[in-house]
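J.: This is what each chain is made of:
2 protein chains.
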Amino acid sequence: MIDSLSSTLAALADPTRRAILARLSRGALSVTELAEPFDMSVPAVSKHLKVLEHAGLITRDRAAQWRPCELHAGPLKEVAHWVDEYRRF
Amino acid sequence: MIDSLSSTLAALADPTRRAILARLSRGALSVTELAEPFDMSVPAVSKHLKVLEHAGLITRDRAAQWRPCELHAGPLKEVAHWVDEYRRF
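From first to last, the protein sequence lines stand for chains X and G.
For the first sequence, this note's numbering gives the first residue as 1, with consecutive numbering after it.
For the second sequence, this note's numbering gives the first residue as 90, with consecutive numbering after it.
Hints may be right or wrong, so weigh each one.
Keeping only pairs whose Cα atoms sit at most 25 Å apart, straight-line, the calculated DMTMM-like set for lysine to aspartate or glutamate is [stated by the list, open to error]: (1) K139/G - D14/X; (2) K139/G - D92/G; (3) K77/X - E167/G.
Hints listed in this document are in silico derivations from the structure and should not be mistaken for laboratory results.
Between the sequences and the hints, there should be enough to build the whole structure, so can you do that?
T.: Below you can see the structure in the form of structure tokens.
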């Protein structure tokens, strides 16, 4: 059983996934919209979204027809709290 | 070529490696001293130290006979800077 902070950090350890979060920080987007600027296929983006969703960093509204992805910043607070301990160095 | 922030986050995505950093934040330690409380073999701890060293999170003084490991918090500043962008959520 992987702890939640480890799962969050592993999900963030990829530049594409961090770029997806940055885009979602400006508002909800569909998978197709997310795939556009990355020059990646929808299935490739979907794989990254699964990792982000598993880590609790995004939520997806499966009820809405366009299934928007939304940023869920909760796990980032845990990262911020952890790194705060090292700010004095 | 993996970017430095991804390399740092991947190195941090392990509870043992974060525990090693926490101990080094209180002062330099040898590999043997680091291995003690983890109930891990020295080679197992050495593997984790290699990942941390590769990410620039620790330095090792190879000149000193006891080869102390020291925290190098530089890459953590990049993590703190990145996560700061999400504090408003």
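J.: Next, verify each hint and record whether it holds.
T.: Verification of the supplied hints:
For the hint linking K139/G to D14/X, the alpha-carbon distance of about 20 Å falls within 25 Å, and the restraint holds. Between the alpha carbons of K139/G and D92/G the distance comes to roughly 17 Å, so the proposed pair stays at or under 25 Å and holds. A threshold of 25 Å between alpha carbons decides the hint, and for K77/X with E167/G the separation of about 16 Å falls inside it, so the pair holds.
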